[in-house]
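From first to last, the protein sequence lines stand for chains A and B.
All the letters of the first sequence, read from the start, carry residue numbers 1 to 137 under the numbering used here.
All the letters of the second sequence, read from the start, carry residue numbers 138 to 680 under the numbering used here.
Just so you know, these hints were derived from the structure itself, not from any lab.
Predicted model only: the values in this text are computed from it and were never measured.
Where a beta carbon is used, it is the ideal one built from N, C-alpha and C, also for glycine.
Check the hints yourself; a few may be wrong.
[Stated by the list, open to error] Here are some chain B residues pointing at chain A (derived, C-beta under 8 Å):
1. L179
2. G181
3. E184
4. H459
5. K469
[As the list claims (entries may be wrong)] Pairs of lysine to aspartate or glutamate residues, derived as EDC-like cross-links and limited to a Cα-Cα distance of at most 20 Å, are as follows:
6. K450/B / D62/A
7. K670/B / D649/B
8. K133/A / D116/A
9. K21/A / E495/B
10. K569/B / D119/A
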Amino acid sequence: MEQKNSKGKVLVIDDDPDFHKVISIILESGSYSVVSAINPKEGREKLLTEKPDLVLLDIMMDSIFDGFSLCHDIKTSAEFQEFKNTPIIFCSAVKKQSGSRFDFDPGAQGLVGPDDYIDKPVQSEDLLARVAKFLKN
Amino acid sequence: MDIISVLRRKLTLKLIVTIAGILFLTIGFFSYITITIQKKYLIGEMEQYGGQLSQTISSSIKNDMMLARSDHIQQTLEDIGKQEGIEHIRLFDKMGKIIASDSKGDLGIIIDSQEEACIVCHNTSEPLKKLLSPVKTRIFQSTENGRSLGIINPIYNESMCSTAECHYHPEDQNVLGVMEILLPLKRFDEQILRSRSQILVYFFITLIVISVGITLLIFSFVNKPIGKLMEGTRRISSGDLTYRIGDYHSDEIGELGKSFDMMTAELLKSREEIEQWNLKLKREIEKATENTKKTNKKLNIANKKLRELDYLKSDFMRRMEHGSRSHLAVIKSCLSLVLSHPDSGLTFQHRDLIDTAERRCSTMLELLDDILLLSYRKSFDAVYQMEPVQLTSIVLTLLDGIENHARRKNISIDVSIPNDLPAITADKDALKELFFNLINNAVKYTMDGGEVKISIRLDGLWIKIDVSDTGIGISTEDLPKIFDEFFRSSNAKSRNIEGTGVGLAIVNEVVDAHKGKLEVQSELGKGTTFTVKLPLIESLRIP
Chain A
1 MEQKNSKGKV LVIDDDPDFH KVISIILESG SYSVVSAINP KEGREKLLTE
51 KPDLVLLDIM MDSIFDGFSL CHDIKTSAEF QEFKNTPIIF CSAVKKQSGS
101 RFDFDPGAQG LVGPDDYIDK PVQSEDLLAR VAKFLKN
Chain B
138 MDIISVLRRK LTLKLIVTIA GILFLTIGFF SYITITIQKK YLIGEMEQYG
188 GQLSQTISSS IKNDMMLARS DHIQQTLEDI GKQEGIEHIR LFDKMGKIIA
238 SDSKGDLGII IDSQEEACIV CHNTSEPLKK LLSPVKTRIF QSTENGRSLG
288 IINPIYNESM CSTAECHYHP EDQNVLGVME ILLPLKRFDE QILRSRSQIL
338 VYFFITLIVI SVGITLLIFS FVNKPIGKLM EGTRRISSGD LTYRIGDYHS
388 DEIGELGKSF DMMTAELLKS REEIEQWNLK LKREIEKATE NTKKTNKKLN
438 IANKKLRELD YLKSDFMRRM EHGSRSHLAV IKSCLSLVLS HPDSGLTFQH
488 RDLIDTAERR CSTMLELLDD ILLLSYRKSF DAVYQMEPVQ LTSIVLTLLD
538 GIENHARRKN ISIDVSIPND LPAITADKDA LKELFFNLIN NAVKYTMDGG
588 EVKISIRLDG LWIKIDVSDT GIGISTEDLP KIFDEFFRSS NAKSRNIEGT
638 GVGLAIVNEV VDAHKGKLEV QSELGKGTTF TVKLPLIESL RIP
């Protein structure tokens with residue numbers, strides 16, 4: 001899926017295949033190449049093999065805080081040393097300001113958090129603007 | 138030396154001083170009486186002796202006087218005067234001239250009748266003719282040998298004296314002269330002095346004996362038992378209740394000791410009882426503590442279970458939210474993508490249908506958000522983080538999100554906020570929910586080209602916020618129900634304006650939580666004004 005004049009490579013880690021379909025259309029419309037991973041395990045592998053410029057990460061996958069721990073690992077573990085500064089955007093169907101008051105502060109759980117949040121459903125312009133903010137060059 | 142022992146000593150001292158005083162008074166009194174009686178008796182004896190001596194001498198010289206043999210008389214007086222115990226014997230004539238004396242040197246001396254020795258009888262113009270007693274006595278201080286007893290014996294005129302041929306005395310003369318005998322009282326005085334000294338010595342010996350006796354008695358009957366009592370007191374105060382006085386005397390102090398021992402025994406009994414009670418109480422407390430611990434443990438278990446349940450509830454909510462939103466998100470994205478494609482080849486009708494589907498999908502998402510929010514705001518674990526909040530910045534931030542919508546409908550939003558608006562104590566997130574719903578509703582229910590006004594101002598200790606629109610308005614029948622959950626006015630539904638019926642319920646909940654006031658005024662077809670009053674300071678809130 002890599003494009004010749006790609007503005008950057010985005011790894012999307014989400015357990016919803018339909019979401020991958022939608023997000024790919026949006027990102028590709030913005031001239032980004034997209035790599036998909038359907039679960040955290042695959043996400044870890046693809047991170048090392050594909051070396052993306054940005055990670056779009058779902059929070060609730062196999063378990064509630066999958067996204068949190070994966071984010072923390074990428075930011076801190078020696079295994080992902082080279083991706084320590086790779087921007088991570090949480091993209092979740094649980095809104096940051098939500099009535100379920102899902103504790104969206106990874107810091108409260110002693111974890112290193114992401115660089116940005118974005119609520120599902122994503123608005124095309126909103127998503128592209130946020131990604132562009134991190135991948136300016 | 139402690140105070141009690143000093144007092145004890147003082148007690149003994151006091152007793153001795155008192156007894157000495159009493160002894161002194163009684164012995165002194167009796168001694169005085171004894172000595173006085175003795176003195177009187179002895180003086181009486183001396184006087185009698187002196188009187189007899191005087192009579193004897195005057196009898197022995199009577200004949201010589203008759204015969205006027207003055208040399209004989211002189212010789213007789215000299216002889217008698219040599220005897221021990223006689224100081225002087227002198228014979229005076231009527232004129233006070235010494236006519237005979239035991240010492241020859243005195244002869245011829247005239248003693249004035251006003252002299253101390255004579256004045257007793259010669260104090261009147263006419264001297265006494267006859268004495269009541271045969272002799273007159275006096276005691277006086279003679280110069281060399283201390284006191285003396287003087288005995289005056291008048292020599293009366295007798296028939297022979299006036300009738301004798303020699304040198305007869307006139308017949309009318311009653312007293313011819315006096316004989317005076319002086320007896321020294323030196324030995325007598327010494328005797329009295331000796332008696333006094335002896336009595337004084339006896340007094341002191343008695344006093345010492347009695348004092349020693351009393352001291353010993355007090356020591357053995359008072360001090361010793363009191364010492365024991367004091368030792369007992371000390372031991373008891375230091376907690377030793379086994380001490381007993383024992384060995385009681387059969388007096389008051391003995392009784393006191395007995396009482397003391399009884400008291401100590403009672404104290405011991407009481408203490409043992411208290412100790413038993415304490416032990417019992419301690420056991421009860423231990424038992425109660427044990428029970429409390431058990432209860433606490435049970436409570437902890439229950440608490441843990443509750444926390445687990447709470448977690449399960451939150452987990453359920455999260456999963457429900459996630460599940461619903463995930464699907465809706467993908468549907469909405471797909472529809473949006475189709476609609477946003479410039480050459481999708483859709484007919485107008487198909488595009489309208491997809492647009493409707495996308496719109497309803499958005500409403501569905503809003504409903505989901507509102508329901509979750511309302512359920513949180515109404516739940517017991519709703520947390521209001523009260524802190525100073527700048528209302529101006531909240532409203533302006535919210536407007537950023539709403540203005541796009543308003544612009545599309547050509548609605549002007551007029552905001553009037555004073556520059557010096559003070560901060561209020563409130564929950565920031567809750568206020569965002571409150572004002573988002575009010576302003577969003579105002580825009581939503583106002584027709585294209587309408588007007589929305591937001592005015593914030595200070596009203597005493599309150600901040601008053603008006604959100605008014607020129608919208609469709611609410612009918613009088615609907616007005617009381619608009620804050621009910623899921624209620625939607627017939628007016629809004631008939632105009633096909635999307636809504637969840639939850640927004641105003643959230644507004645009401647948040648205003649309540651801030652102890653504020655919420656009012657609404659509306660006229661069908663003309664517009665609606667919502668007025669929110671929030672207290673500036675939390676503590677000033679209406680209870």
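We went through each hint and held it up to the structure:
1. L179: Violated, about 129 Å.
2. G181: violated, 132 Å
3. E184: violated, 136 Å
4. H459: This interface hint holds because 5 Å falls under the 8 Å limit.
5. K469: holds, 4 Å
6. K450/B / D62/A: Cα-Cα ~19 Å, so holds.
7. K670/B / D649/B: Roughly 11 Å separates the two Cα atoms, so the pair holds.
8. K133/A / D116/A: Answer holds: K133/A to D116/A is near 11 Å, not above 20 Å.
9. K21/A / E495/B: Holds, at about 18 Å.
10. K569/B / D119/A: holds, 18 Å
The structure shown violates the earlier hints numbered 1, 2 and 3.
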